[in-house]
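**Student:** This is what each chain is made of:
Number of protein chains: 2
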Amino acid sequence: MNPTEQILPLSLFMDLERTGPIPLYFQVATRIEKSILDGTLPAGSRLENEVALGERLGLSRPTIRRAIQDLVDKGLLVRRRGIGTQVVHGQVTRGVELTSLNDDLNRTGQKPSTTMLTCEVIPADAKIAEELAVAVGAPTLHLKRVRKADNVPVSVLENWLPEDFTDLNPADIAEHGLYAVLRSRGVTMRVAKQRIGARKSTNQESDLLDVEKHAALLTMDRTAFDNSGRAVEFGHHCYRPDLYSFSVTLVEK
Amino acid sequence: MNPTEQILPLSLFMDLERTGPIPLYFQVATRIEKSILDGTLPAGSRLENEVALGERLGLSRPTIRRAIQDLVDKGLLVRRRGIGTQVVHGQVTRGVELTSLNDDLNRTGQKPSTTMLTCEVIPADAKIAEELAVAVGAPTLHLKRVRKADNVPVSVLENWLPEDFTDLNPADIAEHGLYAVLRSRGVTMRVAKQRIGARKSTNQESDLLDVEKHAALLTMDRTAFDNSGRAVEFGHHCYRPDLYSFSVTLVEK
DNA sequence: TTTGACACCATGTCATGACATTAGCACCAC
DNA sequence: GTGGTGCTAATGTCATGACATGGTGTCAAA
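Chains as they are written, first to last, in the numbering used here: chain X, 1 to 253; chain G, 1 to 253.
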């Protein structure tokens, strides 16, 4: 019942790349994470303590600590002062990340496709102006799309972008996804604030998503900010709850 | 248009408590956060750089860095190497935290109340056993409650707890909430894994929540782990989407 | 005028060392 | 026996110092 003392195999850390561009703490975190996922470190087992681990690997304590902290933030490890570090029970689930639905589907092996319904430049109303931090009436690019996975409609996506992006190419967006097009323009997303709720479908949404009238939909409003802190996108999305849901891992600080 | 150079008023940092139990980085982070919230540091403004800030406050760079990093993780600041640190645009929203609905309602000033529908010890079925990492058939405490805010029903909460907690007092839970009772037993939650979705209400749920039949509900499944990494609670919750939603702030690493 | 080299700035990474705090345990005194 | 006391182990906090890396702007040469 008491936590098994567990030593990480040294071999896992033999090939640390000390000169490459990949930070050492990241390499360590990756290797520990892999050990957890493949069962080398079973749930509940204890990690070697920070200083000892650092000595064995020839790394300083801050580096080890940073690696472990990243895994704690991910919900894989739990630390207790005076006790040590243990692997959390329960199967690992990938949490929500700052990616688009397109990326998610690609990762899970489903074939995404997009139908563009609307792509127009319209003046911002009060709500959009507020979300994007632009003046009311300022031109914005308004998109409405249906996203499908393996040809089954999954969600209706409606997005607004500030004036700088009103020249985006609708065909590119339909083919590669909005986020990919923005990335290729040099925009890197850093922060997103999302609100997740639910409501009934409108008749149009029922048609688009191929569900019955007044079906329950999962909704998500998102405002995304780039690395200079500027709002670059506001979106209102509706998902078929039988095909999509959100996973979140919370860690008490 | 270009980010205003901004200097934090030194007065904000004059009363740092260097001997007390509150970490210095936390005190710094709190003060910066307050400056952002009250408008002293407007959206888009630039922070003084790390080293200078450290010198002015008589603190080391790691301490300052830790404080800033916490605010970056909260989605309040954005950092760019070679550029500096800026305040993110957009109003601040409190994200999901590892708290119970009870705590949430208390914080927003609404008066929560709870009706206990079921409180019984039952054997774990396959799904519950999997979530709690116990054997199938092991005794678990099964709760079903309705949570109200200002006497309006907000959610139906169904929870399962492992054998150690089968002796919990139903009256205590109804009065103080499940999480408060667990805290008073010395259990501290550290990690929770949630899945958020939507579905239609059952007839019973429609009655309990005072909504029409087949209304859209927001659902959340949560498994919570204590500071030793052990699963201590699995819950399936349904919320009225007109009264409750989830906020999440994501930060790209 | 344009372009390349270079310096500067600010954050990113890493090492070393020290002390504080907490949990668990063994031991000793009462 | 029981309870306090102190030791040990492990993480938490903080300081100092160094170098790397990416972004920006300047200045001079082509």
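For the record, the hints were derived by calculation from the structure and aren't laboratory data.
As the structure is a prediction and not an experimental result, all values here were calculated from the model.
Hints are not guaranteed to be accurate.
A pair counts as met if it fits within one copy or between any two copies, since identical chains are not told apart.
No farther apart than 25 Å at their CA atoms in a straight line, the calculated lysine to any residue pairs in the SDA-like style are these [said to hold, decoys possible]:
1) K200 to F26
2) K34 to D210
3) K213 to S228
4) K34 to D172
5) K74 to M116
6) K111 to P42
7) K127 to H176
8) K200 to E55
9) K213 to D73
10) K148 to K200
11) K213 to R65
12) K74 to A171
13) K213 to I83
14) K253 to R18
15) K253 to E33
16) K127 to T85
17) K144 to L250
**Student:** Please write out, lowest number first, the hints stated earlier that are contradicted by the structure.
**Tutor:** 1, 2, 3, 4, 5, 6, 7, 8, 9, 11, 12, 13, 16
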